[in-house]
Structures are given as structure tokens and as C-alpha cells.
Amino acid sequence: MNAPYEFGILGPLVVTRDGRRVSLGAAQLRTLLAALLLDAGRVVPVDALVDRLWGDCPPPGARNAVQNYVLRLRRALGPEVVRTDRRGYALDAEGGHLLDAHRFTSLAREGAAALDAGRPERALEQLGDALALWRGEPLADLDPERFRDVVPVLCEQRLAAEESWIDATIRRGRPADALPELRRLTRLHPLREHFWAQRMLALYQCGRQGEALASFREVSALLAEELGVDPGAELKALHQRMLTAAPDLAPAAPRTRAVSAKSAPGPAVRSGNLPAETTSFIGRENELVEAQRLLELSRLVTLTGVGGVGKTRLALRTARRIASAFPDGAWLVDLAAVTDPALVERAVAESLGLRDQSTRSATDAIADHLRARRLLLVLDNCEHLVDAAATLVLRLLRAAPDLRVLATSRERLGVPGEHLLLVPCLTLSQELGGEMCEAVRLLYDRAAACAVARRAGEGNGASAAELCRRLDGIPLAIELAAVRLGSLSVDEVLERLGDRFRLLSAPRHLTHAPAGATGRPAAPGPVRVAGQAAGRVPALAPGRYVQTLRGVMDWSHGLCTPGERLLWARLSVFVGCFDLRAAEAVCADGTTGPQSREAGEGIAREDVLDLIDGLVHKSVVTVEPAVSPGRHGGTTRYRLLETIRQYGTDHLRAAGSSTGLLIRHCEYYRALTARAAAGWCGPDEAGWLERLRRELPNIRSALDFCRVRPGLAPTGAAIVVDLTRTRCWFFGSTLGEARHWIDSLSPLVDPAPGELTVLVPVMKAFVAIVQGDHSAAQTHLAECRAVVPGPTRPAPVVYIEGVYALLVPGDPACIAQLAHARQEFAAAGQIGDAHMATMFWAMAAAFLGDRADARLACDTYVAEAESTGAEWARTWAQWCAGLTELLHGEPRRGLAPLCDALVRQRALDDNWGPAWSLETLAWTLGALGHHDRAAVVLGAAHRYRRVTGARITELRPFGTLHARTRAVVRERMTAEAYTRAWRRGATAEDSIALALGIAHEVRRTADG
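Just so you know, numbering that gives the first Met the number 0 puts 575 at position 576 of the sequence shown, and the rest follows in order with no gaps.
No lab work stands behind these hints, which were simulated from the structure alone.
There's no promise every hint is true.
Said to hold, decoys possible - The following label-pair restraints were derived from C-beta to C-beta distances: (1) R73 / T1004: 22 to 28 angstroms; (2) S297 / G710: 53 to 59 angstroms; (3) R674 / R706: 51 to 57 angstroms; (4) R963 / P151: 37 to 43 angstroms; (5) P709 / R186: 51 to 57 angstroms; (6) T1004 / E136: 22 to 28 angstroms; (7) P179 / A862: 27 to 33 angstroms.
To be verified - Straight line, CA to CA, 20 angstroms or less: simulated DMTMM-like cross-link-like pairs of lysine to aspartate or glutamate: (8) K235 / E162; (9) K235 / E210; (10) K235 / E217; (11) K235 / E225; (12) K235 / E224; (13) K235 / E192; (14) K235 / D247; (15) K235 / E124.
Note that the structure is a prediction, hence the values are computed from the model and not measured.
Every residue, glycine too, gets a C-beta built ideally from N, C-alpha and C.
Work out the full structure: start from the sequences and follow the hints.
In C-alpha cells, the structure reads:
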């Protein structure tokens, strides 16, 4: 029996089977499937499917087209999934197939019922599972007009479920957990009064009565301004009850699984030993909620993360928040100062106040003490004693069924049932509601504590935000930087971050460490911990006495095996993210020739994965899971935080290995861009473009090294040329950067004849042309001709001459030039270059040719784009089809391909293409006489031109049509009406959605 499918419509449409994504390709095929899913198990009439697919403008033979789409859907999913009925088609609902919308509805209904029955714990579980099914806007990848009757209903159901989830959270006695979500919801749905009522109640029950009353004033002013009405009865009643401090508004007692049990018998014990906080606790609301949730699900939760990220502080705050749920207290055991694994159990016994004088082991004594107690044990700093800590924790969890353990460690303990919570760095982007990010709030707070608030807050805050970003949002680093603000400005601290490990050490007069406790190893080398496995040799435990950022890094370094330390150093050549293939190619020995090794050590290619895995577990390397499907987009990425990377760089330089690794790094990215240039024009095009965009930080680093390293300029120039051939610079709207690199590297390239000698001036000319820099384009064009003098010129030179003739003087001779270049590229097997020549040939024929030439070139281009399966190429083919209809056919028929191009460009996260598609859409609307709508889209196009730097109006054929359309539109509208419409498009939050809505409206009414 075939495995069932899992269908998802609560976000972009997805289909999976056995955990694998099933690709459906065409948008219309996905639209058909979505239409069937919405009525799964019921017959959907053919006419209803036609309406879903084409709206009010179905093509001739639409019913036959539906039948063809059904056949294609059956080929993709299997014949049993879609069944035929005399009235239409139905999706089989009895094959065990799952639909996330059905699951959501069921869970939301059960959660609401549990809430009504007074079971908030059960309601939270059900509603949380329901909301977790959402991945974004329903059917976000499909035409919104086709599902305008469905999407709002689903969104309303989601909001209702969120309201119930918040009610359950508050009733459970945890109002603080609901506040982050309530801030988001009141911002997104400011006129939904129940969210405001919930926000007021949550603030009130958190003891923030002033903020609760301020929220009432805020929503009152909002309703008066937007709707001219007063708050409703619910808000007014709640406000009055708050003013009178109604007893029923008091928060419910927190309820957890641990609370329900009775206290253990025996003598009274202290309630715990958690230390009092001495500084304010900043942010971490989401992490606190998640830690609390995990402790309800699991008896062992381990907080992991890089050194200095705040694991201890988060653990203590979490323990303090839930301590009341443990009648026998919450107890802290700090293992940082313990160096002998055999003493771990003694440290725990001492923290619990046990004074057992018998001959039994300390472990037995602790187990007997905890056996009948409900207690939270906080084990702090376990990373250098992982094996001993794990053994003890496992024994205690088996002996004491009501024990909960919250551990902090840079490496997981590996105990069965352990749940991990990766503690991230503090947030670096502005929070909802315009609040400062966590990192900047911490900087300001700690600076104020040092009586230097003025220095931290000087200027417009941009320098403070940049400082926090450069410090990766690591709390320890930020606190140390705040201390330095007593004698340096923020900008001065930023200037000195190149030596951050010296800079970010607490000044001696603020250091309270005991004599000799400097946070560095006492001896030149790491001190082996007794009983520690070979290779795991941490320095002397720093405890709470680490006063330097380097001390924290030294501690992490000492926890690594020799192979992990070597890989850490080598990985420091990567800037930003990297994947496993890159790490293997650059960091393994024997890939590109001899490589100096430290003390005879090296890294085999097959060991790289295991070593990276070890560094991930020790919180040195951060994992960034793949978020997009596809051959390239689905690859897991890794990252070293900048502070960790600089530490690795120091070790790499000390070993004398940095130059060799940087050369490998350049060679790897040269090979990568060469593969992209050779294979981008195909089904993997979108994957290549997305991958290259993610790799830009590393590519920039490689280019910079090529620029300064003698002999590597040709490698750098080749990288820039290949990125231009793949259109990566266009896709990422970084065309100016392309020009910077090629201008910097080209003077360093040997002028001896060769392919690169031709391609470099060609690409320089191409970038200058597209940027509208005509004088520079002429200069570079002369360079191209000088490189290969004579009547016979290679295809790249003919191609660039044709592009110049099209976009600068608008010479019809360009049609023949580009057709010739296309043929030459194709004959040489240069598929991608041939495709680019075809695109410009079709563009030239549309602008400057007759109807027959334009139709031939356009049809050829569209067919080639479809045959390659290159998604970005398809968007330009659709744009060309719309342009050809505008200039040589029926402008109304050009609306569909232009809209299709915009939808595809948006799905690809393309920034460059929409500037051209919106401009052409505005021309089409003007030609159809919709002048007010054309003005709006002209404004939208202008906004995209400013974002991307596309100089469309300075390219002859584009500039001519832009000026013509603008003149006609302004002539038919008053100046005030034109300005108002244009600004609407130029200031729209979502210009593409606005333009698509206008185009769909015109298409619906065109026949009338």
C-alpha cells in the first residue's frame, strides 16, 4: 500500500510523502490541487475549478484544460488520489491522506472545549499544536485573487485560536508568557478589541497596572482616530474593574505537573539556595517561556550555547520563576570550580546541605535524599565534566521520580530523555512596537550602572546598535564593552574591536576575582582534568571569575579535542555561513597540495563531518538549518560567531597556516562560481542564484584576498565574470558591487591573450550599460574591440555590441547582432550565454523590430525558457511576452504574463526583476486607458528602481516608453490626482501586491 500524502495549505502549498517534498511545478497545477484540497472528499464541479484557475477570464477550451491538469496531477501524485465524477473531480479523503487545515480545525475545537471545561493545561497543549501547523499566509505562493473567499476565513480561524491560546495561558497563571504574542497581535490587528483586553489583563496580572491602564488609553485613542468610536463594553468593563482593583483580576496560581503532587515527608528543608539577582534581567521572554515549557515536558532540560551567551542567568531566572511549583525547593550547583570528575557528586551533596558521615557513596546519599522529594536541581557549567555529570543525573532521575534537572553546558549531556534549548545571542533587530532590541537595552542598562549612560546613548543609537552587532549580541561581551564606555565613546570602542580580546577585559579596578584568578590558564598550556578523556583538556575552571572575553574562549578551546581545535582555526577563514562541502574542500588536508600541519596533525576529508558535529555539540559552531527546498537551497549551513571566528583566526595565524587556507578558500569559490556559470541555465537556476546570494560574504572575502595577494587577481576577476554571467549581481541588487570588484581587479590581470582578457572588458561594458553610464560603456566597448582587432570578432564582443546598440542608441541593427551572438554561443555549447543573447534578441525585436520579428523572437525565447526549466529565466520570458503583446499585439493580453512574471519574481525573492515588470505593467495600463491605475503602478515601479538602482529610464527604448506613458497619464489627470495616485504606489508597503490587485481588477472588467 502506498504511503499517504501530507498536504499543507496553512502557508505556501506543500505536498510531502514519507517526509520527502513532492514538486508540482506549474502554478496552475498547484492551484488545481489547492481547489480540490479545500473540498477534500467532496466533488468539485468543473465550472468551479475553471473559476478557481482563471477567474472571470477563462481561455477557450478551459474545461479541456482542467482535464489536462487533472491528468498531470494524477501523474505526479498517483491515479488513486484524484477520482472522477460525472459532475467533476474529488480528492480522495479515504486514503489516509492528511491536510493541515483539517488537523488545525480539530485541534482548535478540542482546545476551545478544554478551555470551556476549565482545563487550561489541556487547552494550551491542543491550541499550541494547532497554531504550530501554520507556516505563513494560507496558499501564499498562489494567486490571492483565486482564493479570496477562503484565505480570510482561515486567517480568522487562526486569530480565534490565538485568542483562545492566550486565554488559556492567562488562566493557567502565566500572563507574562502571553505578552510577547499580544504585543505582536495588537500591532498587526490594532482594531481587534479582544486582543487589547487580553493585553491589559496580562499586564495587570504581571503587576504592571500602570502599563495596563496606558494600553486602555492607547486603544481608546486609536479607535477614536480610526473609526470615531469609543471602546466596546468589554474594554470599558475591564478598565473599570482595574481602577477598582477587583479581586477576581488577581492572577491564578501557576499550575504545573510538579505542583499537583504532595510534599515529601520528613523534616522541613530550606526552600532552595538560588542567589539573589544583583543586576537587572534584560529580555529573554521567549526563552523563559520555552524553558518553562520544556521543564513541563521533560525531567531534564539542558541549556546550551556559546560561552558568555547567558546560559547561567537564564537558568537562574527560569528556576526562580517556577520555584513555587517545587515544594522542596530549587537548588543551584555550580560546577565551574570543580576540576575532578570524581568530585561532582560531592559538589551536589554540599549544595543540597547533606552532611552524610556513613560509608555509602555520595551518590547513594543524594539519591536517598531526593527519592521522595519534588525538587528542581540546577546544574551549572557542566561542559568540562559532561561524562561525570551525565552519569550522576541519570542515576538521580531514576531514583527520584519527582526530580527535575535544569543544566547549563556548552555540550549536551547525552542522557536519555534530555531536552535541549539552544540559548541564542540577544536580539539585534528592533522589536515589535519600536522597542530597542535586547542587545542595545543591555548595553544602555549596564552603561547606566557604570554612570556612563550619556556615552551609551549618544548620537542616534546607530553606533550602539553597530557595536552590539559586531559583538554578536553576546551578553558578556556587551557588558564588558559597557564598562569601557567609562573612558571611551561608543565609536572609539568600535574602532578598537579589531583587538577585542584585549579590549574587552574588565579594568583591574573593577575586577573582584581572588588573587591569581585572571580568567586565563595559570600555566602556558591547558591543565588536564583528572579522569578526563584524552583530548578533552580544559583549562583551569574559571568559575564566576572569568573577567575577559579571551578567558571564555580559552575555556571553550580547552574543551575541544586536538582535531576540533585545528578545524576551529581553519573554519575561521569563512565569513558568514558555509556548508559541509565548503568545509571539506577548504579545511581537509590533501585537497590542493601540501599543507603545513601543527605538530604533524591534519584533518582527513572524511573526518570533517564528525569534527564539525563535535564543535556544534560544544557550542562553537552554530547550525543554521535549511529553510528553502531544492538541490542547493536545502543544504544545512554552519556559522562561527564573529568573536569565535576571530579567536580561531588568531590561532591560525600563530600556526603560520592562514595564507595557505585563504588560498584554498579562494580556489574553492572560484570553482563554485565556475560551476554556477556553466550550469545555471536549467532547473537548478533558482537554487544556484539563492546559493550564490548566501555565499556572497565568503565570495567578497575571497575577492578581497585576490586583490591583495600577488598572482591571484586572475582568480578574482574570473569569479566576478562568472557571477555576472549567472546574473547573481542582478538577482541580489548588488550591481554596483560588481563594478567595484571588476574595476579593482582588472588592472591587475595579465593582458596576455586569453578568454579572460576578452570577458573582463565585456563584463565591464555590460555593467556600465545597464547602469546607464554611457561614457564608461563606450570606453569599455573600445577595450573589447582593441583586444580582438579585425573584422571577425568573438561571440562575447558581438553580444556586448548588440546590447549597447539596443540600450544606448536604440539601433535596429542590434537585432541581427544579437541573433548572430546567440547562434555562436549555442554552437560553442555555452548554454547560459546563448540564453542571455536570446533574451536581448527578443527584447530588441520587441522594441525595434516589426511584428513578425517580434513574434518569432518572443516565441523562441519563451520556448527556450520553458525547456530549460530555469525559473528566473521564465519570469523574464513572461515579461517579454507581455512587452511583445503591448507593442505588437493586444495590450490586454499582456496583463496575464506580466502578472505571472511578478508572482514568480516575488516567490523567488527577486529584487531586480519587479522593477522592470512593474514599469512595463504601468505602460500596459496606460495603453489600455486606465490612467489613474497606471499612475499608481508608475509610483510602485519608481520605488523598486530606487531600491535596486535600476536605471531603466536612461536606457533608450525603456526611457522612450516611460516618458510617453508618463506624459499621456499626466495629460489625462489633474496634477493633484496624478501626484496622489503616484504616491500611493511609491509609498505602498507591498508594491507588488498592490500592482497585482490593480491588474486583476482591470482584467476582470476589461470585457465590460
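Results for each hint:
The hinted range of 22 to 28 angstroms is not satisfied by R73 and T1004, whose Cβ atoms lie roughly 36 angstroms apart. The hint said 53 to 59 angstroms for the Cβ distance between S297 and G710, and at roughly 56 angstroms that hint holds. The supplied range of 51 to 57 angstroms is broken by R674 and R706, whose beta-carbon atoms lie about 23 angstroms from each other. Distance hint check for R963 and P151: the Cβ-Cβ separation is about 40 angstroms, which falls inside the suggested range of 37 to 43 angstroms.
Here the CB-CB span from P709 to R186 is close to 55 angstroms, well matched to the stated 51 to 57 angstroms. Distance hint for T1004 and E136: a CB-CB separation of about 26 angstroms, consistent with the stated range 22 to 28 angstroms. A hinted range of 27 to 33 angstroms is violated for the C-beta pair P179 and A862, which are about 52 angstroms apart. Taking the CA atoms of K235 and E162, the gap is about 19 angstroms. The hint holds against a cut of 20 angstroms.
Taking the CA atoms of K235 and E210, the gap is about 16 angstroms. The hint holds against a cut of 20 angstroms. The suggested pairing of K235 with E217 holds, with an alpha-carbon distance near 13 angstroms, which does not exceed 20 angstroms. Between the alpha carbons of K235 and E225 the distance comes to roughly 18 angstroms, so the proposed pair stays at or under 20 angstroms and holds. For the suggested pair K235 and E224, the alpha carbons sit about 17 angstroms apart, so the restraint of at most 20 angstroms is met.
As the CA atoms of K235 and E192 are separated by approximately 11 angstroms, the hinted pair is consistent with the 20 angstroms bound. For a cut-off of 20 angstroms, the pair hint linking K235 to D247 stands: about 16 angstroms separates their Cα positions. Among the hinted pairs, K235 with E124 is inconsistent with the structure: their alpha-carbon atoms are about 31 angstroms apart, more than 20 angstroms.
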